[in-house]
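Q: One letter stands for each residue in the lines below.
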Amino acid sequence: MFSTKWSYRIFDGTNILLLLGFSVLTFIPFLHVFAMSFLSLDNAKEFQRFLLWPTQWDFTSYQYIYDTRIFFSSLKNTVWITVVGTLINIAFTSSMAYSCSRRSFSGKRWIMLMVLFTMLFNGGLIPTYLVVNGLGLIDSLWAIVIPSAVSAFNMIVLKEFFEGIHESILESAKIDGCNDLGIFFRIVLPLSLPALATFTLFYAVANWNQYFASIIYTNSSDLWPLQVLLRQVVMVGQSDIFGAIDLSAPPPPPLSIQMATVMYTSLPILLLYPFLQKYFVKGMTLGAVKG
Amino acid sequence: MEVTTNAGDQIRTEAHRRRQSGFRRLRKEKYLWLLVLPGLIYFAVFKYLPMFGIVIAFKKYNPFTGIWKSPWAGFEYFQRMMDSPDVLRVLWNTLVLSFYQIAFVFFVPIVLALMINEIAYPWLKRLIQTVIYLPHFLSWVVVAGVFYLLFNSGGSVTSILAGLGYDNANVLTDPAMFRPLIILQSIWKEAGWGTILYLAALLGVDPELYEAAKIDGAGRFRQMWNISLPGIRSTVCILLILRMGSVLDVGFEQIFLMLNPQVSQVGEVIDTYVYFLGIRQGNFSFAAAVGLTKGIVGLLMIASANWLTRRLGEKGLF
Amino acid sequence: MKVTKPAFTMLSILTTASLLAACASSPADPSPTPASTASPKADDMNKKYAVKAMTILYGNPPAASGYGIQAINERYNIDFQFNSVPSGDYNNKLATAFASGNIPDITLIEDSTQTFYNYAEAGAFLPLEDYIKDYPNLSKIPQDVLDLMTYKGHLYGIPRIRAASNWVLSIRKDWLDKLNLPMPTTYEELTNVMKAFTENDPDGNGQKDTYGMAMSYASGFISSVAAFTPTKVMPFQSWVEDGKGGILPGWAAPNGRELVKLVTDWYREGYISKDFVLMKSSQSEEDFLLGKAGIHGDFAFNAYSPERLNKARAANPDFQWDVVPPLTALDGTEGSYSLGSGFYGFNVLSAKAGSDEGKVHRLLQILDDQMNASGIVPFGDGEEGVHFTNNADGTKSYTSLGNSERPGLYLLTNPIPEGDFLINPSLPDEIKQIQKKAIDTALSGTPYKDASLGVISKTKIDKGEELSKFLLDGVVNIIVNGEPIDNYDLLIEEWKTRGADQMIQEMNESYKAKNAK
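Chains as they are written, first to last, in the working numbering: chain A, 38 to 328; chain B, 73 to 390; chain C, 4 to 520.
Isolated chain A, as found in the complex:
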């Protein structure tokens, strides 16, 4: 027993040490980005150093981005896209993945092949645009969330997770009189919370960061999501224009604008993650098997 305890301790210790080491390595550059976002025009020399902590708390860059006329509307658009988009994503993906996970489903094989095929071949930008255009979705936010409703990769992997649920559970539910819909909503979904939380996170991040579809499918800056605005601001900052946003004051240094952009992009998602944390719990899968 003594030796087990010590071997456990050593294992844990080494494990944690290695992980902490890796964490430090990933954290340091992020700290640097954070520090740079607070620099302003008068300490331009600091840009050449590898700062680890802000030398000052100057929110000029954040303010600059905030002051762009469409900051709030673009933030609103992004929130809409993320919420509505992710709901659509999860709904379409999980329902499809569920059916394809049932062993006896007759369409399983060819549907999976069909989905896989789309991961390798696609028509390209213009044909897809023509389809979206033909459906009248252009110039609306729906053009952002519908053409990307299902990610083939996510669907295939989610199906694998669903397949991991013991068939016996589903059989016993069938015997109890549950139909496929019931099984889906009352058994499979609750038992798959970790997987669902994972893909919710994936989809949410993708929706939050998306910009290309917006540029292609919408023509008005009122529909811009946050990422398009941020990219534009960074580009403007790098092009040496005198006060693109506000002609009466010089803009902050381009690098600190760029770093502030990163903060705007990542912080909301980092806030989302702990919220999803509670779904990443063990235990729900297994109680049912024994019963």
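Please keep in mind that the hints were generated in silico from the structure rather than gathered at the bench.
Predicted, not measured: the structure shown is a model, and the values here were computed from it.
All C-beta atoms, glycine included, are put in the ideal place defined by N, C-alpha and C.
Some hints here could point you the wrong way.
Unchecked claim - Restraint-style ranges between C-beta atoms, simulated for each label pair: (1) A:T92 / C:E202: 30 to 38 angstroms; (2) B:V168 / C:K461: 34 to 42 angstroms; (3) B:M154 / A:D79: 50 to 58 angstroms; (4) B:G237 / A:A128: 57 to 65 angstroms; (5) B:A284 / A:L57: 28 to 36 angstroms; (6) B:L233 / A:L57: 20 to 28 angstroms; (7) C:D114 / A:L307: 53 to 61 angstroms; (8) C:G126 / A:P91: 56 to 64 angstroms; (9) A:S77 / B:Y347: 50 to 58 angstroms.
What the hints assert, rightly or not - Derived contacts from chain B toward chain C, CB cut-off under 8 angstroms, selection only: (10) F130; (11) N134; (12) Y220; (13) N224; (14) T245; (15) A248; (16) C309.
Using the hints, position chains B and C against chain A.
A: Okay, now just chains B and C, sitting in the frame of chain A:
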């Protein structure tokens, strides 16, 4: 009672029976079909309908003239792809880098996930997870900028290396360092995020197995090796097979940002090469031809990987 | 990126133009140039048209509706839809617009490249040569600029005119003075100055932390082109005369070999940064402004701004800059800087719009007005008190409403600069002086243009980019690896076998044909 039927009747009855079971099947599975319908419609409309556009690869495509009216070019763009004097070098670079990525970058999240899974303190677990996710949110532009700051001739890491005896380390311009640099960069940026899937998969492993192993006297490492790892084996296999489909994709933006003339011998990959050759000028036909070729190669790779996996006893993708 | 810089400058020129006009003694006349004087042909101002325009966005996107749009709608009796696209994805957006049939009436095309020729060939654009003579400002556009957007005899574009002056070399005057050096006039003298800057501690801080010339490399373009153009070596996409009646691409030009030798020496000796291949233009610019390097090349109308000076003085109060006159070429002939193409982007009209003559005239009227500084300027500022306030010193300040919806934000083109450039009168004297000096210096002697402008060759369109990249990559590798100059000859040989030979032949045929006219 003996029923004699002739052959024709027999066939008709068979088919009749199959049709019967077909309809019965459908009715039995009606809810499954209902659930799969939204996704099917999505794929049909937004993925398969635009696929007619693949024909662009065989035409001299002009967006104004339209897909139908643009003149045919046959295999001209494929020929151009093959005729390019650098095509072999670029292909080789792509394959080597892809191999490195699969060999090194692919497995790091698995190892990390296993390690994180072993942590007993939930707060520490959460802390480490949050921190290692952070680089995923940085754009490659920012990452390239950070690496420049660290590794240029006046950079912090360069000074450290000089202190260790490596004078004049030109990490960013040394062709020999390019591939390792890209790999390290990828690991740093994406390994943390990649653990999410594996951690979710690890939750599906029966904790009783660990108990049993503990009683049998297995140490932590042994438990990890014999229980956790096999527990996620099917997930790993699927992800690996899928990864093979994109074997010719090595990440355009990252490489593009790290390229410079001194490393282009080893650094140029298909996507960056195609970019310089014509995407900038809106040459959609050429891009379509390359995309089609990549798709075919990817298909072959997935098929082989899947076959191999099944051969080895695993379930496979299909 | 090359295009955006001058474009931004144009916007600031416009701003200064507006300031200049406001200071001018002529009263600001807000009434529109009546359509009746513009075109006698059918344009009934009572007919309302829907006008859709697409252009590249260089700043904060203006409001999609509001005062500015309304004012424009009223002035021209149109229903104006202004679509501004972030520049990085413009090509894709252009393609989808043309593919789907939702083609804007006025579209900006960045340059005469394969995209332009393909669309022109397919009949996407309206030929304009018969129309422009009826408009006061459109007809003032120089013919040689118009030639650059002409295809098969038809004019398709209305260019956005920009200053002709191009790159120029800047130098730390205070460093020259401190080390008792005269302004360099030849490449030999330049090299000596660079050596002195690197080795003789020009900033007097006792440390060897300075070097000669700041250079950067991005997207296949070595900055500090101003150091190369005096010896007639242009950026790789530009061509120069080869002295024998023909033309050649930049680094393959007659003096190219000598220049490669020289820059290789510079690199080896440390007169240019060892990292220049990795640096971006903003980084090399910073090296110059913050006192690491003593020489830097940039656009004449861009380089000497108050922001840059402030940045430099903040780091070093003794900072003094000056303009280097064009150096004598390496082969001994007189050197001069190069000229720009005279435009940055041009507007095309959709062929579909051509079905209604009235609409065509309306569209051209809009463009014509915008090219007239005194016509558009007061209109573009909006209402006083709401969108801007007049300051005591004659300058204007825009309110936040002004920054988001005044009519000037929806411009599709810009006024033709009178003379070469409008210098903002509200700038400090020191800046005004050096800006004028920069422009004069850039235009001194016999500045020359990219000889490939308006010269078309099929191989250049098909393979031009990859050949340029191959050549430049090779040149840079010779420079940084310190390879012997014989490798340059080998490089040129290989480059020719890859298709450059054919390209040069075709370009020369086309060039001779063009000049025979």
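Q: Confirm or reject each hint.
A: Quick rundown of the hints versus the structure:
no., hint, result
1, A:T92 / C:E202: 30 to 38 angstroms, "33 angstroms, holds"
2, B:V168 / C:K461: 34 to 42 angstroms, "35 angstroms, holds"
3, B:M154 / A:D79: 50 to 58 angstroms, "56 angstroms, holds"
4, B:G237 / A:A128: 57 to 65 angstroms, "59 angstroms, holds"
5, B:A284 / A:L57: 28 to 36 angstroms, "31 angstroms, holds"
6, B:L233 / A:L57: 20 to 28 angstroms, "24 angstroms, holds"
7, C:D114 / A:L307: 53 to 61 angstroms, "42 angstroms, violated"
8, C:G126 / A:P91: 56 to 64 angstroms, "58 angstroms, holds"
9, A:S77 / B:Y347: 50 to 58 angstroms, "36 angstroms, violated"
10, F130, "17 angstroms, violated"
11, N134, "5 angstroms, holds"
12, Y220, "6 angstroms, holds"
13, N224, "5 angstroms, holds"
14, T245, "6 angstroms, holds"
15, A248, "14 angstroms, violated"
16, C309, "37 angstroms, violated"
In terms of the numbered hints stated before, the structure departs from hints 7, 9, 10, 15, 16, listed from lowest to highest.
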